[in-house]
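Chain R is already provided as a structure; the job is to place chain Y on it using the hints.
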Amino acid sequence: MIAFLLQPIFIFLMAILQITFVEFFSVGPLSIDLAFVFVIYAGLSFNAMRGVLLSFLLGFFLDCTVSPIWGLHMFLYVLFFYISMIAGTKIDRKNNLPAAVFTGICLLFQGALKILFYWLILDVDILYTVPKMFIPQAIATGILSPFLYSIFNHFEDFFNAEVRQPARRL
Amino acid sequence: MLIPKKYRPHIIAAVFLITSLALISYGASSLTEPGFLRKTVIEIATPFTDVVNLSFKGLGDFWRRYLFLVGLEDDNRRLRVEKTALAEQLNNYREGYYEGIRLRKLLDIRNGLPYRTVAARVVDNKQDSLFKTILIDKGTADGLSAGYPVLSAQGVTGRIMESSWHSSRVLLMIDRISNIAAVIQRSRTQGILQGTGTSQYNLKYIPHTADVLPGDLLLSSGMAGVFPKGLIIGTVTRVEPQKHELFKKIDVAPSVDFERLEEVLVLIPGKETGQ
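Note that the protein sequences, when read in sequence, are chains R and Y. Start counting the first sequence at 1268; every next residue gets the next number (the numbering used here). Start counting the second sequence at 325; every next residue gets the next number (the numbering used here).
Below, computed lysine-lysine pairings styled on PhoX-like, alpha-carbon distance capped at 25 Å: (1) Y:LYS573 / Y:LYS528; (2) Y:LYS330 / R:LYS1357; (3) R:LYS1357 / Y:LYS329; (4) R:LYS1381 / Y:LYS363.
To be clear, the hints were calculated from the coordinates, so they are not data collected in a lab.
Here chain R stands alone, though its shape is the one from the complex:
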């Protein structure tokens, strides 16, 4: 019960960390999307209800603090949680290479969706950021994702995640 109550706080702190982490530890265009890696991790590890709630909440906190489009992160994080959850039947997160490649590709797709939403809602073209930001970020985050997954594994009990066999997920 206590863990259940603490989980939103943990997610809130992760959002704070994402806001500050990206700023301080980004080297040029190479920044890490820690929150997004957590969403992918949740998709590969957590059950649907818990995972979708935490992803939604993480997106909510980021939307509140940094997003110019209200609801964008909520939508993207739930979407990619869902995609990860489905892909989890094929990908074992403990296998580093597929997990890293999957994370990188998801991040690229997230970038593409952000470009689309910025264009649709704000009428702003941020296509130029693809080579400058999204591709380097996808590569850097993909490479570091196995390491980040191993850190999230330490909190597995806290999240009470069910580590399921891919075949039994759905």
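Below, chain Y alone, put in the same frame as chain R:
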């Protein structure tokens, strides 16, 4: 439950996705004003962000200042070279500034004299014990000749001993063989000022009855015809009556600092500017 367990995750995700899209749609219609919920989260998040930012900043500063010192030595060396170059540049500017001030003073003197003048730079100021002379960078090519009076911004300096085409040697007023007709400004008492070879002059041929006091200003009298009348020569520092002599012994401090001469003005007699 009505929904089969198999489809439950998809339904949950779909519900949240639709909710998110609805929120995006709602947010797009009110882009300018954040709602109460959003404001509350921002208010709560700000102190946390500050704390984390400060921690990362401290960590970053520690890393940059104490650990990540690659290139620091090169930077240090480069900055030292730059500092030296800038100091040199600053010194040049400062020199130019002071030279400008000195030349302005010379110009003021020049404007007040009814003579044609030639400004010259002192190129050698080694005053050995035998002769007190300086070398200037103007000579006969500039119209200078032996015997011409030389002034500086502070007053009478000397006269030209010899000239070549592009340089001249100036016998300073403090040399033993220098003499100039002088007048005490206050009492108009006249005498002959002679160099002593040291940093002072002697005012000679002043009778005991003459009114001379320490502090009196001494000017050129213009009697010998070499120096124009009224140029500052120095200040009386000591007046000593000598019982068995006809004249007083009077010491005079030069108005010119001969050790620091850098620019002088040579007067060309007989070539009045008509002022």
